[in-house]
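All chains should be modelled from the sequences, with the hints used to inform the complete structure.
If you read the protein sequences in the order shown, they are chains F and C.
Under my numbering, the first residue of the first sequence carries the number 1, and numbering increases by one thereafter.
Under my numbering, the first residue of the second sequence carries the number 1001, and numbering increases by one thereafter.
Because the hints were derived from the structure by calculation, they are not lab data.
Remember, it's a predicted structure, so these values are computed and weren't measured experimentally.
Ideal Cβ positions, reconstructed from N, Cα and C, are used throughout, including at glycine.
Treat the hints with caution; some may be incorrect.
With a straight-line cut-off of 25 Å between C-alpha atoms, the simulated SDA-like cross-links for lysine to any residue are [as the list claims (entries may be wrong)]:
hint : chain 1 : residue 1 : chain 2 : residue 2
1    : F       : K196      : C       : I1282
2    : F       : K196      : C       : K1078
3    : F       : K81       : C       : E1250
4    : C       : K1244     : F       : D46
A short list of chain C residues far from chain F (calculated; beta carbon distances all over 12 Å) [what the hints assert, rightly or not]:
hint : residue
5    : S1037
6    : D1077
7    : P1097
8    : R1145
9    : I1155
10   : E1195
11   : K1201
12   : D1204
13   : P1217
14   : G1218
15   : P1276
16   : A1277
17   : A1317
18   : K1318
19   : K1320
20   : Q1346
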Amino acid sequence: MSTAAEMKKTWLTPFNIIVGIILLVGGFVTILRFTKGLAGVTNLTDNYPWGIWISFDLLCGVALAAGGFTTSAACYVFGLKRFHSAVRPAILTAFLGYSLVVFALHYDVGRPWRLPYPFFVQSGTTSVLFEVGLCVFLYLIVLFVEWVPSALEWLGFKKPRNVIVRMTLALTIFGVVLSTMHQSSLGALYLIAPSKLHPLWYSMFLPLFFFVSAIAAGLSMVLFEGTLSHHYLHDKMDKVYLSEHDGVTFGFAKGAAVVLVVYFFIKIVGITLDNNWHYLLTGYGAWFLFELLGFVALPAFLYAIAVRERNACLVRWAAVITVLGIILNRFNVSLVAFNWQLPPAQKYFPSWMEIAISVFIVTVGLLVFRFIATKMPIFYEHPDFKEHVPHEGEEEEAPEFVEHELKPHPQSLGH
Amino acid sequence: MKRRAFLSLLGAGGAACLLGQSAQAAGPKEFPGYPGSFGVLFDATRCIGCRRCEAGCNQVNGLPAPPEPFDDLSVLDKQRRTNAKTYTIVNRYDNIPGAAGPVFRKNQCQHCLEPACASSCFVRAFTKTPQGAVTWDASVCVGCRYCMIACPFDIPTFEYWEPLSPRIMKCTMCWPQITTGKLTVPGCVGACPVEALVYGKRADLLRIARGRFAAFPGRYLDHIYGEHEMGGTNWLYISGVPFKDIGLREDLGTTSAPQYTSGALAVVPIIATAWPALLVGIYAIHRRMDKVSHEEQVQAVTQAVAKAQEEAAAKLAKAKADAEADKKAAIEREVKKALEEAAKGQTEEDK
Ligand code: SF4
Ligand code: SF4
Ligand code: SF4
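Structure, rendered in structure tokens:
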């Protein structure tokens, strides 16, 4: 079986080739970045100090990793136990997401080894960025601790694992507090520059916009990722995960619909309070409406229909549109509507190498996710550590035939 | 249950935001600037666009020589901004309505009274000195460039070409040279041939500006740019043409930069304290609800089990009874048959 030809055949899959190229290019650009400086690889200028490494890797990365705190909060704080099987994948994604955000920042900042300076050398507490940094730093630790039980189960360390599992509620609450703060603070970063951001995107509610949209993004990412994992890691999933999958899908879809509707209305309130309606007739106004109608109102509507008709396929589409919408929003705030008074010739457009690094980082994330999800108990419960919270009525001691008669339909709970 | 849960989450977020609103209103009070701090007054009606100030700045700060020499005035054909090799630039503005000819304006750090750059830096790399200058400390800067995002005048610049030790570059009002006694006035001021630049205490500069307004009626607009803009700056401008026509934004308002973020920052302690309490409360409610429903469930299960068992017992009893009856009937049938047989045999024997 292990002849050379056999090896060649198994290694040279299209997937591996593409991944290989991405990693090679990424390594090449990395070397350039640390020998030629940011000027060697990016199109950043003094007018555009932040490019897609901030817009995509930081702003989108953090928003899309919000699934971790929303899922664990839904399950452990809001008592929606049937989301239990979705918690671990979401925590893993969030942990990897945040790790990659921090990894990506090492490319972007001028002196990466000084990234801990704000906490250990000199703190600028008047800076919103300080709050963002501190919360992200602490939350990364929380996520790591939340993820560690998977690794410990894999390695078979029972005692430390049980200690951590007992701290679940405290960790979850700490995570929600930290997430609330830094998700909103990412929006607050731009509060200091009212003269640079187009009035349609600038609002004193920016922190609230970022927070609420991050919840929608997090829920949609869980849905989107669930689909992908379902497709590629199906054999790693246990009965509980699979049987709860539909309930999770429609539960999250309903949540996302509500959050998007709320988001839509607070955006409208924002325009009304600042009396910015007249801007809607300009080019930027059209672009703003495109974002608001096409990527907030539309997915909210699709989610609502999908839940009503129990259409899992439509949920997926709504999730994809929501995720794209969040990316569009973060790009709009940080690049398109930023420096809107600058002549078009001086506006920023990323170089191919900046894009290559972002693609490289996402690819690394996917590979690590796949490695962990195939090795560790993420989509299934480790047989030695089974503690799946049963559905109400699904009592183990109850006689077999009664259980099924009494078990309420998962969806009937929410109505 | 789920819908309620999400709404309560959102409601809480909204409440936190509203609290932030009121916190902002109660934010830091206006800072009038350090008394006796120094600044520079630029007079656009005097500037002749000779670029000597650029040369002076370049020399006293030891900056690299530019590609075009400082006496090459053709560089003025293009609008320029400060960059990491140039702390100050002079721009020419043509075709301004009401102006006899081109008007020049020098640009550099405005040395804000409450600098956006200083408030935005997460390692406090900037210092607003009591003497007026805003300086920057290379030993702590991480190179995040948030100060560049924050500065409303687009002043801080970055050495993008430096792989590992890029610096933020901006005008220091020659503060290092002045404190060490190497200079008495900033390099640009000392180089200006026509006194378009005056260095002095900010309060005196404001008086000088007003004095010129009075001495030359009709020559100036009655506005000192920088007196209140963005909370006030140590660098001041007077001009005969609208400031927006010489590249100074008139829509910046008088709110200082730190005030834009103070509201959001004031919410932090509120979230940090109120949020966990709220979440624990929500958790407790759900646990209570779960416990009740759990008890109800257990009860229901027990009842159902009992009922099922009862039913089963009844069924069994009935089946037993039925079987009994069947058996009885069968026996009776058999007995009857036997009797009949016997009777039949009897009659045959009788024959
Ligand atoms: S002009 Fe910009 S760089 Fe200069 S002090 Fe003000 S905020 Fe800072
Ligand atoms: S680039 Fe340096 S000086 Fe500017 S905000 Fe970041 S750490 Fe502070
Ligand atoms: S040296 Fe004086 S006159 Fe010459 S450009 Fe500078 S400010 Fe204007």
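Results for each hint:
Among the hinted pairs, K196/F with I1282/C is inconsistent with the structure: their alpha-carbon atoms are about 40 Å apart, more than 25 Å. Using a Cα cut-off of 25 Å, the hinted pair K196/F and K1078/C holds, with the two alpha carbons roughly 22 Å apart. The hinted pair formed by K81/F and E1250/C fails the criterion: a straight-line CA distance of about 56 Å is larger than 25 Å. The straight-line distance between the Cα atoms of K1244/C and D46/F is roughly 21 Å, inside the 25 Å bound, and the hint therefore holds.
Every C-beta of chain F lies more than 12 Å from that of S1037/C, the closest at about 20 Å, which supports listing it as non-interface. Distance check on D1077/C: its Cβ is at least 16 Å (rounded) from any Cβ of chain F, clearing the 12 Å threshold; non-interface status holds. Annotated as non-interface, P1097/C keeps its C-beta farther than 12 Å from every C-beta of chain F; the closest such distance is 20 Å. The Cβ of R1145/C sits about 4 Å from the closest Cβ of chain F, inside the 12 Å cut-off, so the non-interface label is violated.
The claim that I1155/C is not at the interface with chain F is violated, since a C-beta of that chain comes within 12 Å of its own (minimum 9 Å). The Cβ of E1195/C sits about 30 Å from the closest Cβ of chain F, beyond the 12 Å cut-off, so the non-interface label holds. With a minimum CB-CB distance of about 27 Å to chain F, K1201/C clears the 12 Å threshold, and the non-interface call stands. At roughly 29 Å, the least C-beta separation between D1204/C and chain F is larger than 12 Å, which holds for a residue marked as non-interface.
A cut-off of 12 Å between C-beta atoms confirms that P1217/C is not in contact with chain F; the least separation is 33 Å. A cut-off of 12 Å between C-beta atoms confirms that G1218/C is not in contact with chain F; the least separation is 31 Å. For P1276/C, the requirement that its beta carbon stay farther than 12 Å from each beta carbon of chain F is not met, with the minimum near 5 Å. Under the 12 Å C-beta cut-off, the non-interface status given to A1277/C relative to chain F is violated; the minimum distance is some 10 Å.
The beta carbon of A1317/C sits about 20 Å from the closest Cβ of chain F, which is more than 12 Å, so the claim that it is off the interface holds. With a closest Cβ-Cβ approach of about 20 Å to chain F, K1318/C is found to remain outside the 12 Å limit, as its non-interface label requires. Every Cβ of chain F is farther than 12 Å from the Cβ of K1320/C; the closest lies at roughly 22 Å, confirming the non-interface assignment. Here Q1346/C stays apart from chain F, with its beta-carbon at least about 57 Å from theirs, past the 12 Å limit.
Of the numbered hints given earlier, the model fails hints 1, 3, 8, 9, 15, 16; all others are met.
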